[in-house]
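Take the sequences, apply the hints, and build the full model.
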Amino acid sequence: MSEEIKLMKGNEAIAHAAIRCGCDGYFGYPITPQSEVLETLTEVEPWKTTGMNVLQAESEVAAINMVYGGAGTGKKVMTSSSSPGVSLKQEGISYLAGAELPALIVNVMRGGPGLGTIQPSQADYFQTVKGGGHGDYKLIALAPASVQEMADFVGLGFDLAFKYRNPAIILADGVIGQMMEKVVLPPFKPRRTDEEIVKECPWAAVGKPKNRKCNIITSLELDPAVMEKKNLHLQEKYREIEANEVRYEEIQCKDAEYLLVAFGSSARICQKAVEMARAEGIKVGLLRPITLWPFPSKVLNQFANQVKSMLCVELNAGQMVEDVRLAVNGKVKVEHFGRLGGIVYTPDEIIEAMKAKIM
Amino acid sequence: MSEYTAKDFKKGQPRWCPGCGDHFFLASLQKAMAEIGIAPYDTAVISGIGCSSRLPHYMATYGMNTIHGRAAAIATGCKIANPNLTVWQVSGDGDGLAIGGNHFIHTNRRNIDLNMILLNNRIYGLTKGQYSPTSPRGFVSKSSPYGTVEDPFRPAELCFGARGHFFARAVATDAPGTIEILKAAQAHKGASVCEILQNCIIFNNGTHESVHTPEGRAKNAIYLEHGKPMIFGENKEFGLVQEGFGLKVAKIGENGITEKDILVHDAHCEDNTLQLKLALMEGPDFPIALGVIRDVEAPTYNDAIEEQIKDVKSKKTYHNFQELLMTNDTWEVK
Ligand code: SF4
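Chains as they are written, first to last, in the numbering used here: chain Z, -7 to 351; chain Y, 25 to 358.
Simulated from the structure, these hints should not be mistaken for lab results. Check the hints yourself; a few may be wrong.
What the hints assert, rightly or not - Across the chosen pairs, the derived CB separations fall in these ranges: (1) Z:Glu314 <-> Y:Leu348: 27 to 37 Å; (2) Z:Val336 <-> Y:His292: 51 to 61 Å; (3) Z:Glu83 <-> Y:Glu330: 47 to 57 Å; (4) Z:Thr210 <-> Y:Pro169: 30 to 40 Å; (5) Z:Gly334 <-> Y:Tyr65: 26 to 36 Å; (6) Y:His292 <-> Z:His126: 41 to 51 Å; (7) Y:His292 <-> Z:Glu35: 46 to 56 Å; (8) Y:His292 <-> Z:Glu83: 34 to 44 Å; (9) Z:Glu83 <-> Y:Gly36: 33 to 43 Å; (10) Y:Glu181 <-> Z:Glu37: 25 to 35 Å.
Said to hold, decoys possible - In silico DSS-like pairs for lysine-lysine, Cα to Cα no more than 30 Å straight-line: (11) Y:Lys243 <-> Z:Lys40; (12) Y:Lys284 <-> Y:Lys243; (13) Z:Lys275 <-> Z:Lys323; (14) Z:Lys205 <-> Z:Lys222; (15) Y:Lys152 <-> Z:Lys174; (16) Z:Lys(-2) <-> Y:Lys152; (17) Z:Lys222 <-> Z:Lys122; (18) Y:Lys243 <-> Y:Lys334; (19) Z:Lys122 <-> Z:Lys(-2).
We treat Cβ as the ideally placed atom computed from N, Cα and C, and that holds for glycine.
Listed below in structure tokens is the structure:
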């Protein structure tokens, strides 16, 4: 089947895109505001068509470990949750990264800390890009700003995860997960055959031919010298990803004197703020990081030569702003504007903050 | 006589759906606490996440509304740190048996002196209607639109399998029955599990239909009392007898069966075999067992630890730092 245009929620788009990109297994657990991912998958019953498995686990911990097991066999497997549930998954995520297994994790963020609120937030930026779990590891982090991107990033996330043998994460929030938009669903891609998996994933647990040793999938190494080498290898891989996979969007940046930096739902609101500010004659642009890691540091550094100041707009107390400041390295003033506790700013508020903080 | 009334334990306006079984349970818990007579300020109610886990917000006791699935572990910490507190742990079937299943069994095994309440509505209410680990096989829900393909947990089996010493059951709409088991749970020293059959009117209405009303319970339930013959039925015409390895329902007056042939309930029996059979009874062939099914004395974790400390201390040869330095071999360096 080919592309299809539909009207749906961001969470539903994730589910449909997963089936269409040839995903082999989904393991989830209900939590607001992302339960529709699991619900849509069970509704569509992909096990009857593509053969994709869908399982409601007993907890988020179980779900991520099922992903760990599935990924170990070279299959395309994924899980989704929301902030408190993703906190629970951190142990498994660290192990996936350590064992260099490809997998896709979706976080439809809500406000924290703790149980917090079911309203949208972007307060898991640090958790996503600075670790979350233990050890020196990185996740390839994609931040969708539309229902279309929710659908597109499932396939992209899997592609990157397999290309680099590294877990990838889609960092969305309650706004993107719950809002309805027109979306072009990707054409169906068949699930890989066992033969294809054997060929593409020589590291996987796929049954051992006579001519090679058993694949032991582990993140453990007790010999410090070997462990350091393993870590250096990971770091080398991360540098390669940083060199190749940075993605971002520039909106009205060409002549900008001021720059807004925002991701996900905040970028959508900032886009409106840019339009309104330009109508007032303020030359402002928006830079939207699409990959939160690898972060678009270079381009931000270049913009620091052009604009007078920057405002990082995010639904948290100031997280991505730290990376923007590192990128800019003191060349221009970088300020933060955020709302907390599930409150979402209006474009007017953003313009006001801009005038008060960076103009 | 207790100096408290249910009002002393009430706080705020519950935000559950109108008609939710949690309202009934809350009222019974407040009444039971008033009758028990332990001060609100000596009581803590600890929950995880879920509809029923909002309960501490409506109690004038200390309360903790904590992490999904972790209520039993948090209640354990609370009780161990402050043994003087009376601790009630309130969870639903999702909170208590899905993600919290591990803590549920270990709290029973460890025998912490907690009153563990399991509000069982066989559904995830708060996340709007996905199946839970107590939903029956084939159950249709938002996350199983074509029926589940898993067998459910039966809470009593978990409790007994984890060597639990107290298990009781009541229907949320049955206030006297609920209050009675709550009081028994409080009187029991050690971990006690009360399974409350609670109706989620929105997402799983009628799940405990057969025992929801007094008439239904008269027909389809048996109230167990320690030391009393296990007789039930609208006219008390049936009784439980043992047959081979199992239980059987017998009609009194038929086939020469008299009241004397009916099994007498023994909640204090250490061997839990028959108690488990009672707990697992279900319709249409058997009545659903309500009341205290198992109540066996055993040393609690707190008691055992105190005992151990006392014992170790009494055998110690040193009682202060100086004496400690002089234990075992000592040398003088010249
Ligand atoms: S959803 Fe069900 S369990 Fe939750 S408050 Fe409403 S009736 Fe009660």
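Evaluated hints:
Z:Glu314 and Y:Leu348 have their C-beta atoms about 50 Å apart, which leaves the hinted 27 to 37 Å range violated. Between Z:Val336 and Y:His292 the beta carbons are some 59 Å apart, a value that agrees with the proposed interval 51 to 61 Å. Checked against the given bound of 47 to 57 Å, the beta carbons of Z:Glu83 and Y:Glu330, roughly 35 Å apart, lie outside it. Between Z:Thr210 and Y:Pro169, the C-beta spacing of about 38 Å keeps the proposed range 30 to 40 Å intact.
Here the CB-CB span from Z:Gly334 to Y:Tyr65 is close to 33 Å, well matched to the stated 26 to 36 Å. For the pair Y:His292 and Z:His126, the beta carbons lie near 49 Å from each other, so the given range of 41 to 51 Å is met. The hint said 46 to 56 Å for the Cβ distance between Y:His292 and Z:Glu35, and at roughly 50 Å that hint holds. A hinted range of 34 to 44 Å for the beta carbons of Y:His292 and Z:Glu83 is consistent with their spacing of about 43 Å.
For the pair Z:Glu83 and Y:Gly36, the beta carbons lie near 37 Å from each other, so the given range of 33 to 43 Å is met. Taking the beta carbon of each, Y:Glu181 and Z:Glu37 are about 31 Å apart, inside 25 to 35 Å as hinted. Note on Y:Lys243 and Z:Lys40: the hinted pairing is violated, with a Cα-Cα distance of about 43 Å set against a maximum of 30 Å. Distance hint between Y:Lys284 and Y:Lys243 is fulfilled; the C-alpha atoms sit about 22 Å from each other, no more than 30 Å.
The suggested pairing of Z:Lys275 with Z:Lys323 holds, with an alpha-carbon distance near 19 Å, which does not exceed 30 Å. In summary, the hint linking Z:Lys205 to Z:Lys222 is supported, as the alpha carbons are separated by about 19 Å, within the 30 Å threshold. Simply put, Y:Lys152 and Z:Lys174 have alpha-carbon atoms about 25 Å apart, close enough for the 30 Å limit, and the pair holds. Among the hinted pairs, Z:Lys(-2) with Y:Lys152 is consistent with the structure: their alpha-carbon atoms are about 25 Å apart, no more than 30 Å.
Between Z:Lys222 and Z:Lys122 the alpha-carbon distance is near 20 Å, which keeps this suggested pair within the 30 Å criterion. Of the supplied pair hints, the one linking Y:Lys243 and Y:Lys334 is violated, its CA atoms being roughly 53 Å apart against a limit of 30 Å. Our distance criterion of 30 Å between C-alpha atoms is broken by Z:Lys122 and Z:Lys(-2), whose separation comes to about 36 Å.
Comparing the model with each earlier hint shows violations of hints 1, 3, 11, 18 and 19; every other hint is respected.
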